[in-house]
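Trainee: Those protein sequence lines, which keep their order, are chains A and B.
According to my numbering, the first sequence holds residues 1 to 416 in order.
According to my numbering, the second sequence holds residues 1 to 416 in order.
No lab work stands behind these hints: they were computed from the structure.
Since the structure is predicted, the reported quantities are computational estimates derived from the model, not experimental observations.
Any given hint might turn out to be false.
You can't tell identical chains apart in this list, so a pair holds if it fits in one copy or across any two.
List time: in silico DSSO-like cross-link candidates among lysine-lysine, alpha-carbon distance up to 27 Å [stated by the list, open to error]:
#: 1; residue 1: Lys-17; residue 2: Lys-41
#: 2; residue 1: Lys-247; residue 2: Lys-382
#: 3; residue 1: Lys-322; residue 2: Lys-210
#: 4; residue 1: Lys-396; residue 2: Lys-221
#: 5; residue 1: Lys-58; residue 2: Lys-40
#: 6; residue 1: Lys-271; residue 2: Lys-202
#: 7; residue 1: Lys-238; residue 2: Lys-381
#: 8; residue 1: Lys-177; residue 2: Lys-382
#: 9; residue 1: Lys-396; residue 2: Lys-271
#: 10; residue 1: Lys-167; residue 2: Lys-40
#: 11; residue 1: Lys-395; residue 2: Lys-198
#: 12; residue 1: Lys-58; residue 2: Lys-41
2 protein chains.
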Amino acid sequence: MPAEMIRRERIFNTLRKVFERYGFSPLESPALESWELLSKKGGLGEEAVKDIFRFKDKAGREVGLRFDLTVPLARIVVANPQLPKPFKRYQISRVWRYEEVRRGRYREFWQADIDVVGSASMLADAEVLAVAVDALQALGFKRFYIRLNDRKVLENLVTLAGIPSQKFLPTCRALDKLQKIGTKKVGEELKVLGIKRKSIQKVFSFIGLKGTNRELLKKAKRLGVQVANLEEVLRYAKEYGIVENLKVDFSLARGLDYYTGPVYEAMISGKEEIGAVAAGGRYDDLIKLFGGPPTPATGISFGVERIDALLAERKIEIPSTKTKVFVANATPQVRVEALHLAQHLRTDGLAVETDVMERKLERQLEYADSLGIPYVLILGKKELEKSVVRVRDMKKRVEEEVSMKKVSEWLQKRGQ
Amino acid sequence: MPAEMIRRERIFNTLRKVFERYGFSPLESPALESWELLSKKGGLGEEAVKDIFRFKDKAGREVGLRFDLTVPLARIVVANPQLPKPFKRYQISRVWRYEEVRRGRYREFWQADIDVVGSASMLADAEVLAVAVDALQALGFKRFYIRLNDRKVLENLVTLAGIPSQKFLPTCRALDKLQKIGTKKVGEELKVLGIKRKSIQKVFSFIGLKGTNRELLKKAKRLGVQVANLEEVLRYAKEYGIVENLKVDFSLARGLDYYTGPVYEAMISGKEEIGAVAAGGRYDDLIKLFGGPPTPATGISFGVERIDALLAERKIEIPSTKTKVFVANATPQVRVEALHLAQHLRTDGLAVETDVMERKLERQLEYADSLGIPYVLILGKKELEKSVVRVRDMKKRVEEEVSMKKVSEWLQKRGQ
Numbered sequence: 001m002p003a004e005m006i007r008r009e010r011i012f013n014t015l016r017k018v019f020e021r022y023g024f025s026p027l028e029s030p031a032l033e034s035w036e037l038l039s040k041k042g043g044l045g046e047e048a049v050k051d052i053f054r055f056k057d058k059a060g061r062e063v064g065l066r067f068d069l070t071v072p073l074a075r076i077v078v079a080n081p082q083l084p085k086p087f088k089r090y091q092i093s094r095v096w097r098y099e100e101v102r103r104g105r106y107r108e109f110w111q112a113d114i115d116v117v118g119s120a121s122m123l124a125d126a127e128v129l130a131v132a133v134d135a136l137q138a139l140g141f142k143r144f145y146i147r148l149n150d151r152k153v154l155e156n157l158v159t160l161a162g163i164p165s166q167k168f169l170p171t172c173r174a175l176d177k178l179q180k181i182g183t184k185k186v187g188e189e190l191k192v193l194g195i196k197r198k199s200i201q202k203v204f205s206f207i208g209l210k211g212t213n214r215e216l217l218k219k220a221k222r223l224g225v226q227v228a229n230l231e232e233v234l235r236y237a238k239e240y241g242i243v244e245n246l247k248v249d250f251s252l253a254r255g256l257d258y259y260t261g262p263v264y265e266a267m268i269s270g271k272e273e274i275g276a277v278a279a280g281g282r283y284d285d286l287i288k289l290f291g292g293p294p295t296p297a298t299g300i301s302f303g304v305e306r307i308d309a310l311l312a313e314r315k316i317e318i319p320s321t322k323t324k325v326f327v328a329n330a331t332p333q334v335r336v337e338a339l340h341l342a343q344h345l346r347t348d349g350l351a352v353e354t355d356v357m358e359r360k361l362e363r364q365l366e367y368a369d370s371l372g373i374p375y376v377l378i379l380g381k382k383e384l385e386k387s388v389v390r391v392r393d394m395k396k397r398v399e400e401e402v403s404m405k406k407v408s409e410w411l412q413k414r415g416q
Numbered sequence: 001m002p003a004e005m006i007r008r009e010r011i012f013n014t015l016r017k018v019f020e021r022y023g024f025s026p027l028e029s030p031a032l033e034s035w036e037l038l039s040k041k042g043g044l045g046e047e048a049v050k051d052i053f054r055f056k057d058k059a060g061r062e063v064g065l066r067f068d069l070t071v072p073l074a075r076i077v078v079a080n081p082q083l084p085k086p087f088k089r090y091q092i093s094r095v096w097r098y099e100e101v102r103r104g105r106y107r108e109f110w111q112a113d114i115d116v117v118g119s120a121s122m123l124a125d126a127e128v129l130a131v132a133v134d135a136l137q138a139l140g141f142k143r144f145y146i147r148l149n150d151r152k153v154l155e156n157l158v159t160l161a162g163i164p165s166q167k168f169l170p171t172c173r174a175l176d177k178l179q180k181i182g183t184k185k186v187g188e189e190l191k192v193l194g195i196k197r198k199s200i201q202k203v204f205s206f207i208g209l210k211g212t213n214r215e216l217l218k219k220a221k222r223l224g225v226q227v228a229n230l231e232e233v234l235r236y237a238k239e240y241g242i243v244e245n246l247k248v249d250f251s252l253a254r255g256l257d258y259y260t261g262p263v264y265e266a267m268i269s270g271k272e273e274i275g276a277v278a279a280g281g282r283y284d285d286l287i288k289l290f291g292g293p294p295t296p297a298t299g300i301s302f303g304v305e306r307i308d309a310l311l312a313e314r315k316i317e318i319p320s321t322k323t324k325v326f327v328a329n330a331t332p333q334v335r336v337e338a339l340h341l342a343q344h345l346r347t348d349g350l351a352v353e354t355d356v357m358e359r360k361l362e363r364q365l366e367y368a369d370s371l372g373i374p375y376v377l378i379l380g381k382k383e384l385e386k387s388v389v390r391v392r393d394m395k396k397r398v399e400e401e402v403s404m405k406k407v408s409e410w411l412q413k414r415g416q
């Protein structure tokens, strides 16, 4: 509905502005991709692939609707090797994921992504995190934090725990469900994968470590786990002034197969049950996987629906229409003059509605009121003779006469 | 690519602004709809339906990607009977139409639609046409016209020519191809429909009528064809100041089945071969067809790709990046200070990039240049000591020293 869409556009515009401040440029990718690309091993991963909308086109080729904005980006990078690196793009678009159809609706989400393609430096990860912090603040969130881990840490851990490396990705997929299904069920999933009890215990004891960022890194090092990436990200994050927003959390795994380095999830304090409002990480192998040269990359994706739900909870008053004024005719004989006045005000850049229903005055006023249009100009024969209009403030329910010549200025002075 | 996307966003923003000036509010509809809705008889029509991307979801239900933005709008109107009327919405989104796949790409188009739902008055059609004229002017087109006809005129004509009414829609679909395949082939298609030679001749002689709007309406009336809608649209169009842009053309039919009244197509003079840049019409029966109460509606759809192609031809210089400045470090030792300066400039609202590749100065400059970033700030040890930066104007290839404190102001003064 328009009121929701106006709220959503505010989110889009806020994000866009922050992204552009960091030098990210807009890009659009197609919604349809070949099934081969979407389901490629080492890409999204087998669990995600199950949720892709998949079908055959008329030529019999299998295609699917994009599941995320990262896979299509990687394909574009492969197809355009001439792009200067780093290629920093943002995209605010829909993705589709299968879920049981309710009331005839399908699962479509809006995602807002930024990615830095071509940089292996942790500077890029720190920048992505700085954008996330800036964006969440610009959206109006005061208390939030970003969970931070590194797939390299988990890989290291899995090896130290004696788990064979081919079970690393399935382990990550299982760990990704910790917050949803709890430790016990994740433990059972790991058991089903054929991982030994002792190994599972080792993993759980490590990912359950608590403490400040500094303490956690120290403990990890003591256990022989490599944390060089995390140290570097935190060092740069300090320079970006966002280190206070980062919370090292060894239990963070992320569910998609393509992550290879730092991974992150932004949480709103006290609203953890809603899940991450933004999430991402480094995926250094994806572009190579799709046939391009080895190209490191990192990025984050904002979940627009979740952000919207949280902002809606706060009941910030947002106008339900962008229309500033309705020009009403008191009688059909002055309809044409009302129309001329509306056109004149539009030339001055005002957002104006006028009657296109051939309605009586009262019904015109009801309509303007139902939409929440703040001002109505009433034009009748009497007003026309005097070259004035009656301006009704729809909130205060007061009217005043304003000269026809000055009404545009009068309205422009009153910001909505 | 970003440069194309920046050009496209200018089109979106221009259209959005004009739409909002007329009181249209944003709305988004899902990309996926049930096949039953998309293929409903009397809706898009059998020729269009062939081009819909159609597939089965996991539950075995048939769904399709939207072919236009009108059918999903009609469904939303049916589902939300509480919406105040007129419901004036705009939507800038993608639609999908099947076409032979070339180089792995699928047919996705951007459409920008406005619709007035709930008004049977020709005032609504005139307003839609006024928005079209305003929008095309705002986009920078100087010479264009809108072809105008009425499905009621064609219905009347078909009856007068002795063609059975059940052949009316197939006749419209055939006439819609006139500009693409020519009179001869359309005549053959009509013959295949079982329409008599004499009837075909009558139709062609009528739709071939030439003259001014006034002359055409006069001729039609003399032949007993009803032109009341067109007269009224033209009368209101005069009040909107757009009558000079309208060109009555009895050969205009439009291809979709749902049109019931005035139909329109905007053409750029001298660029007719590219086809209409905007097209639409009245569809008074569609909402009822989908199970709603009888609800008249009218609207127009802008073809963003065609508009973009025409604007690109003119080679209007549009910046290829939105980034205003790149903060370069002359040596890794001042990287952190460059980063601080970048963050400071961002706080002031500037769009800033900085090195995330750990590159040497020369490569940083090359990168900024390849992106078309207009200014580079160079920060070295020497500059840092003096609290200045070297500002390089990348176009003029000149440098000057600016104090660190004043550089934000210096940049803000220079509009991109």
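Trainee: Now, for every hint given, state plainly whether the structure supports it.
Mentor: Comparing the hints with the structure gives:
Proximity of Lys-17 to Lys-41 under the C-alpha cut-off of 27 Å is found in neither arrangement, the shortest distances being 36 Å within a copy and 45 Å between copies. Taking identical chains as interchangeable, the C-alpha atoms of Lys-247 and Lys-382 are never at most 27 Å apart, the minima being 69 Å within one chain and 37 Å between chains. For a Cα distance limit of 27 Å, the shortest separation of Lys-322 from Lys-210 qualifies neither inside one copy, at 49 Å, nor across copies, at 43 Å. Taking identical chains as interchangeable, the C-alpha atoms of Lys-396 and Lys-221 are never at most 27 Å apart, the minima being 66 Å within one chain and 52 Å between chains.
For the homomeric pair Lys-58 and Lys-40, the shortest alpha-carbon distances inside one copy (22 Å) and between copies (20 Å) are both at most 27 Å. Taking identical chains as interchangeable, the C-alpha atoms of Lys-271 and Lys-202 are never at most 27 Å apart, the minima being 30 Å within one chain and 71 Å between chains. For the homomeric pair Lys-238 and Lys-381, the shortest alpha-carbon distance between copies (21 Å) is at most 27 Å, but the shortest distance inside one copy (68 Å) is not. For the identical chains of this complex, Lys-177 and Lys-382 are neighbours neither inside a copy (71 Å) nor across copies (53 Å), given an alpha-carbon limit of 27 Å.
Taking the shortest Cα distances, Lys-396 and Lys-271 never come within 27 Å of each other, neither inside one copy (37 Å) nor across copies (52 Å). With identical chains, the CA atoms of Lys-167 and Lys-40 are at most 27 Å apart within one copy only, with a shortest distance of 18 Å there and 50 Å across copies. Proximity of Lys-395 to Lys-198 under the C-alpha cut-off of 27 Å is found in neither arrangement, the shortest distances being 68 Å within a copy and 64 Å between copies. In the homo-oligomer, the alpha carbons of Lys-58 and Lys-41 lie at most 27 Å apart both inside one protomer (26 Å) and across protomers (22 Å), since each shortest distance falls under that limit.
In this structure, the earlier hints numbered 1, 2, 3, 4, 6, 8, 9 and 11 are contradicted, and the remaining ones agree with it.
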